[in-house]
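Those protein sequence lines, which keep their order, are chains Z and L. At position 450 of the first sequence the residue is numbered 450 (the numbering used here), and the sequence of numbers has no breaks. At position 298 of the second sequence the residue is numbered 797 (the numbering used here), and the sequence of numbers has no breaks.
Careful, some of the hints might be misleading.
[Stated by the list, open to error] Just the calculated beta-carbon pair ranges, DEER-fashion:
no.	chain 1	residue 1	chain 2	residue 2	range
1	Z	S333	L	H682	24 to 34 Å
2	L	N855	Z	Q386	54 to 64 Å
3	Z	K176	L	Q936	14 to 24 Å
4	Z	L457	L	D1014	11 to 21 Å
5	L	N988	Z	L389	45 to 55 Å
6	L	N988	Z	P477	32 to 42 Å
7	Z	S92	L	D700	24 to 34 Å
8	Z	D57	L	D1014	41 to 51 Å
Everything labelled a hint here was simulated from the structure, so no lab data went into it. In this text, a Cβ means the ideal position worked out from N, Cα and C, and glycines have one as well.
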Amino acid sequence: MHDLIVGHAGVNNESSLAFVLSSLVWIVLRHVSENQLSKLNAVIELDLQQQINVNLDAQQHALARRYSSFFWQQVYLKHIPSIAQYVSQYTSQKYISVLFPIFVISIIFPINWFVALILLITLPIVPIFMILVGHGAANLHRKHFISLERLGGLFVDRLKALTLLTTFDQHEVESKRLAKASDLVNRQTMRVVSLAFLSSTVLDFFATISMALVAVYIGFSLLGELSIGPDITFHNGLYLLLVTPLLFAELKTLGRLYHQKSEAEAAVEAMLPVIKSNPKFSLINASDSKRWGAKPMTFNDTRWHSFAISVPSIKAESLDLNGQDSVLLTGRSGAGKSVLLDALMGLRQATHQLPGTVVLISQKPTILPSSVRENLSMGQDIPDSQLWLMLEQVQLSKKIKSLPLGIDTLMGENPILSGGEAQRLNLARALLQPSDVILLDEPTAHLTEQQHDTLALLIHQLTQNKTRIWASHKPLPSSWFNRRWLIENGEIFQGDTLC
Amino acid sequence: MLTKKPIIALILALVHALSGLTLLLVSSWFIAASAVAGVSFNYMLPAVIIRALALMRIASGYGEMWLSHHQLLESLAHLRLSLFNNMQGSTSVSRASDTDKLNYQSQDVASIWTGWINQNAGALLSLLLLTGFVLWQLVAFSVPWLIFLTMALLIYIWLIMSGLVLAQKKQQIRTSLESQIEHHFDAANIWHMQKNLQHPDASALYKNVQTNQVKIEWAISGLLILSLFCITLLVIKMNTLGNNTPIVMILPMALLGALDWFGRTFFSHHRLHDYIIGNKIINSNYSTISNSRVKDKIESIELKQFKPKGSASKELDITFAEQQLHLIAGSSGSGKSRLFKAIAGLIDFDGDLFLNSRSIKDKYNERKAESSFSDKCILDDVLYVEQTPYVLSGTLRQNLQLAQHSAHRNANSLIDDNKLIEVLKTVGLDQLSNLEQWVGSGGRQLSGGETKRLGLARAILSTKRYILLDEPFEGLDQQNIDKVVNVINSLTTSRCVIIASHIYPEGLNFDNKIDLDSY
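Given the sequences, and given the hints that come with them, work out the whole structure.
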């Protein structure tokens, strides 16, 4: 498509009509090709986003909580566009800038082999010098890499530290340090940059040299002072002079797009772990038919042999679970209790996963900024009477009634509920979901002892008729459980003897 | 200093642009002249001029890049420093997305010269000079040229104005996406219960950028068609003039190259838009956050019906005195951190706070009368140790010496290394004995437990008499909890320590326990 640019050069063909037509064709083709590129760009962006969202669907919080929400903002707003730009613009430009000079020389050759020869000699010098300069700059950058990284990030770091600096009254000290650091960074950066800029200057220089050579050659030939190579007419001369700069035009464009490469590399590095396609392990309760109102499923005498999670490695010789079982899951913090629960939900690669609909109550209560109602119903249509009944059961109805808009009060950014209340709301939400198994991941971890006692009892009373697996650090009455699982050194032991 | 560099860079940019254009025109004229005139004129001079122009173009190009980059870095440093200085006493910018925004927006603002002004000035000056040239030498061509000039400028202005609207919209989309993504990912734990779970969709943002690209492409195609039209007009005119003067070559050549010397600026306008938006936001960050520091030595703090402003938590009535240990019990989310911040004066409060038996509100009114308006009074003798103390990107020594009172810092009385190492040992951070070690971002990452103990070490090193510890035990194993308990108990021999925690380990000799939870 781009090759049609040469049509541009047909300026002094005998008929100006041909010139106008070919120019028009070039303009239209250029327009179409650029639009196609930006369409391609959009397709890639949406495709990347789709891939990420599929992975998020499959692994849910097991994937999401591994990174900060800032990381995810960067993924959607920065990394995806820069990868798409690199793929659509830079990679195609890379091919064009290699093929195009060859094409141009092959056009020049039949017209004037001597000009073609001049260009053939000067052309390879350009990339050689560009590579040399590029390596020099990269080496220099590598030499200062650590200090550039550390000092360059100081501004953002000290902004994040504002509370700390205020409490210690260290603002002025750090301000001086910041000034000194940026001075140092700027000096080092300039050293790298002075060299890096040479790269485009080298390209310019050789482009100009070859242009000058060609121009002088043409000029003197026309004057009759020089007689090397074939004869030159005015038209030929002008034509050659116009075609020659095209030789370097695409390389220059590539140079302008070069920054896309490093941006995309950084983006890929950041995104690789979340975009790697995972073998399909579907979430059973994702299908909406199993949702609200579906019949609870029963499972009896389930025994899993050689259960294993791949990353991090957790194994069990066998795991037993019957309907209505109540399992106490223990283990040191970091032993992998949450990992096991994730795997049971089907959010991590493992040999087995729980059948039926699984609901999880996690350590930290999650309150959406929307209304209490939306926090409870999670997009389903649940009658008010049922919501209130549940609020009554978790002993929150008094509190919710006292809110200005009752059940329709927005929770906002600074929640109006205390930690214990928030966890009660979480419990109510989970219990409103139809579920076959309920998983509890230290739901009282962040509560005071007193609150732990009351809330644990409440949870026990409300879930004792369900199949439940309860991970806990804090003591719970052993009469609540008929099974015990202990995770230690990557292995799950089960039985009563352990506790 | 700051004002001279951009001007020189601008001049170099103009030289670069003009020598490029002149090079094209002179060489085409030269060829035409050679063909028409034969050897009958001094051909050496133009040949020399061409070479001189080429070298000038390269040299000015490099010089411009170098200088304007230098200026960019300098003004960026300047801008960031003044932003930072302005935020003294502020605790508002702490979220990663906010700091990131300030980071790139300051870059947008600082790069206006290299990114937009220099390029566009070159292109506009070329237009101007060509116009002058046409009116002076080629009056016969003035009509097509003026058509070109007007239309090209119209396209140029249209692109800037409509792009600005798009850019403002983009900023809105971006901001709303940011908060959407943040909320969505904060709620990841309950995704599995959500009916019709929808993950964030940034396609509106992608679409916006694409629309802008398409606009630029239309502008370029418009420019090309326009120049083609004018060239055709010129060629027709040329036939009536008879093309025996080489100088008539110049205008068609200039029009043919319009994409290079004029159209390229079309890609630079987003820099102008980013500058306008970034400048607005950065200026709004220059709000007057002025708060005063109360430097008095504190003998007692008394809270009366005290609670953080706007919070729904309990009102407190307590007195804190020296050599006491208070435990504020409450689960996470019960507002302990906000309460601590309010006591330390980092955020506003309702109720009243008595310092040495005198209401801080009296003090505050007194100050208000005598000096500038102030929002909050930061208590200098109170130290708030965050739940996750911030680890500065810097050496371990810097991270500890921070605790030294700023009044003593200027003298040669920085805390000596032996003392620092001793304190590290006390809090159980013996593994960190190299004070030169870089910690925090870009260096060794401290674990959650290490971070907490670093905060405690700073508290010991500081001379502040009221220490507020936010969840000091969370995430520590029993051995380290015991160590921290010992440190806290020994701190109370000389100071007042207030702990907010949902864990109360054995051995903690607290004088008073306040329960924040209503349940």
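Results for each hint:
no.	hint	in the structure
1	Z/S333 to L/H682: 24 to 34 Å	holds (28 Å)
2	L/N855 to Z/Q386: 54 to 64 Å	holds (56 Å)
3	Z/K176 to L/Q936: 14 to 24 Å	holds (22 Å)
4	Z/L457 to L/D1014: 11 to 21 Å	holds (18 Å)
5	L/N988 to Z/L389: 45 to 55 Å	holds (49 Å)
6	L/N988 to Z/P477: 32 to 42 Å	holds (33 Å)
7	Z/S92 to L/D700: 24 to 34 Å	holds (27 Å)
8	Z/D57 to L/D1014: 41 to 51 Å	holds (42 Å)
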